[in-house]
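Based on the provided sequences and hints, a complete structural model is requested.
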Amino acid sequence: MEQEVATFAVKKGLAQMLKGGVIMDVVTPEHARIAEDAGAVAVMALERVPADIRAHGGVARMSDPELILKIMEAVTIPVMAKCRIGHFVEAQILEALGVDYIDESEVLTPADEEHHIYKHTFKVPFVCGARNLGEALRRIGEGAAMIRTKGEAGTGDVVEAVRHARAVLGEIRRLQNLPEEELMAFAKQWSAPYELVCETRSLGRLPVVNFAAGGVATPADAALMMQLGVDGVFVGSGIFKSGDPARRAAAIVKAVTHYQEPAVLAEISRNLGEPMVGRQISSIPEGELIAGRGW
Amino acid sequence: MLVGGGKRMKVGVLALQGDFIEHQAMLGRLGVETVQVRLPQELEGLDALIIPGGESTTIGKLAEAFGLIEPLRQFGQQRPVWGTCAGAIFLSKDARRQQPLLGIMDIMVVRNAFGRQVNSFEIDLDMPFLPSSNGHSTPFHAVFIRAPLIESVSGNAQALATLPDGRIVAARQGRLLATSFHPELTGDDRFHRYFLELAK
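Protein chains in written order, with the numbering used here: chain A, 1 to 295; chain B, 1001 to 1200.
Rather than coming from a laboratory, the hints here were simulated on the basis of the structure.
The structure presented is a predicted model; accordingly, all values stated were derived computationally and were not measured.
Treat the hints with care, as some may be off.
To be verified - Ranges between beta-carbon positions, derived for each pair:
(1) B:Leu1002 with A:Gly292: 48 to 58 Å
(2) B:Leu1002 with A:Arg270: 38 to 48 Å
(3) B:Gly1028 with A:Val59: 42 to 52 Å
(4) B:Asn1134 with A:Arg247: 54 to 64 Å
(5) A:Trp295 with B:Pro1131: 47 to 57 Å
(6) B:Pro1139 with A:Ala185: 40 to 50 Å
(7) B:Lys1010 with A:Asp52: 47 to 57 Å
(8) B:Gln1077 with A:Ser202: 34 to 44 Å
(9) A:Phe8 with B:Ala1025: 15 to 25 Å
(10) A:Thr7 with B:Gln1158: 28 to 38 Å
(11) B:Asn1156 with A:Ser191: 52 to 62 Å
(12) B:Leu1125 with A:Arg270: 41 to 51 Å
Idealized CB from N, CA, C, for every residue including glycine.
So this is what it looks like as C-alpha cells:
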C-alpha cells in the first residue's frame, strides 16, 4: 500500500496525542517559548488574546501570517491558528502556511452567519467550539477532528466552561441510556447527524477528542474541567494576562496531569502571583458575549 | 495474560500526558491489568511499562518535575519498556536538542522528521517478527503523526522495522522497544502481544 496523508485517522490522531495537555494562546515568539518551556502540548498563535480582543473591539480577523510563521519557527511543539467561522479562504491561507491545526473560532468575528467551513477537504485538521452535543456533532459532521467546549473566552470566569462541558457530557450520559428506537428523535431534537449520534452512544464519548476552553485561569480551574471529564484544556488570556506567566503556565500543566490529586494541586497552586483580573460573565451585556456565535 | 507463577500480568502506562488510554484499552482487551503511572511509587509491582504518544517535551518536563527520571531509568534496567512516538524519543539517548530524556536506548532520533501535521501519514509495513495467527505474515498498518525517525542505532540496539526506503521506524534493545508509529491507534494488537511476550 502507498503512503496515505490527511486521513481522518491522522487528523484525529494528533488531537489524541494532545490529550492530558494544555494548549496556550501566545501572541509573540517569546510567549511561545515560555509556553513550550512550561510544558504546553501546543500553542495557539494569534495577534491578541481574547481579553484584548474584547477590549479592542472592532472586527477580529485571522492573524498576520508573518507572526504565525515566526511562532512556528520559535517552537517544536504543534502550532495552531484561528480563522473566522465560515471564512474558508483564511483557512486555505493557514493551511498554506503549514499550521498544524486550525481553530474555526467564535473568538474572531464570524464571516458567515449560517455556514461553517466544510472541513473534510482540507489536509490540515480543524478544532471547533461547541456549547452542546448537537453543535459538537454538527461540527464533526463538517469534518472537525477535535472539539473544544466554548466557555466564554477572555473573561477568566470558568462558569460558562463548566456549563458547556456539563451540557455535552451530560447529554452523552443521557444518550447512552436511550433505546435504539429513540435515537432518530434524539438526532432530530439536537439537529445532529444520526450516524454520529449512534457512534457517540456506542463509544460513550464524543468520537473525537474534547478539550475545555473559555475562562480557565487557575490550576484549580483546569483540574475542575478535567474532573468533569474533558480530555485537556485550552488556556487563552489566563496565562499571559497574569502576574507571572511562566510559573502559572507550568502550574496549569501540572494540574492537568495530577487533576485527581488535591495534595499535588495544593502544592502547585502556591505563590503563583496575581491571576488575570477577569470579568464576571453575568456583568457582560448579552450583545458582547461570544459563545453564541456558531450555528 | 499470565506471567511466571500463574500471576496475572500487570502493565503500567505512563500517564503524564498523551494517548495512554488508547494503550490501556488495547492491553485491557488482551486481558492485562493496567495501572496509570504519574508518580514514582506507582511503578511498584509492575511487570512492564508503556510510554505513550504525546508531546515528548511535556512528558519529559513532567517526569523531571515529579522525580520520575531516575526511577524510570532503573525500571528500564530490570523490566521491559516500550515507547511509542514521544515515548520512543523519551527512551533515546539523543534527540538532537536539549530536553529531558531517559537515555536508556542506544538510538538517535530526529523529532518531527517528516515535517508538520499535513505530512502525517499511514502506511502498511512488513514486520515478519510479529505473531501471526495463520502462519503467514501480514503487513502492519502503521500510523505516523508528526513522527520522529530513528536516525541511527548503536551498541546493543537493533533496527526492527523500516520504511520501504530503509529508514528506521522501530528498534529493540534487549527488552526495550521504540516505535515511531502508533499501534495503539489501530485495531491490530500484534505489536502489543509482541511486547507482552518480552514481559513473560
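Quick rundown of the hints versus the structure:
{"no.": "1", "hint": "B:Leu1002 with A:Gly292: 48 to 58 Å", "verdict": "56 Å, holds"}
{"no.": "2", "hint": "B:Leu1002 with A:Arg270: 38 to 48 Å", "verdict": "46 Å, holds"}
{"no.": "3", "hint": "B:Gly1028 with A:Val59: 42 to 52 Å", "verdict": "50 Å, holds"}
{"no.": "4", "hint": "B:Asn1134 with A:Arg247: 54 to 64 Å", "verdict": "57 Å, holds"}
{"no.": "5", "hint": "A:Trp295 with B:Pro1131: 47 to 57 Å", "verdict": "50 Å, holds"}
{"no.": "6", "hint": "B:Pro1139 with A:Ala185: 40 to 50 Å", "verdict": "44 Å, holds"}
{"no.": "7", "hint": "B:Lys1010 with A:Asp52: 47 to 57 Å", "verdict": "50 Å, holds"}
{"no.": "8", "hint": "B:Gln1077 with A:Ser202: 34 to 44 Å", "verdict": "43 Å, holds"}
{"no.": "9", "hint": "A:Phe8 with B:Ala1025: 15 to 25 Å", "verdict": "19 Å, holds"}
{"no.": "10", "hint": "A:Thr7 with B:Gln1158: 28 to 38 Å", "verdict": "31 Å, holds"}
{"no.": "11", "hint": "B:Asn1156 with A:Ser191: 52 to 62 Å", "verdict": "59 Å, holds"}
{"no.": "12", "hint": "B:Leu1125 with A:Arg270: 41 to 51 Å", "verdict": "49 Å, holds"}
Hint check: no violations occur; every hint is consistent with the structure.
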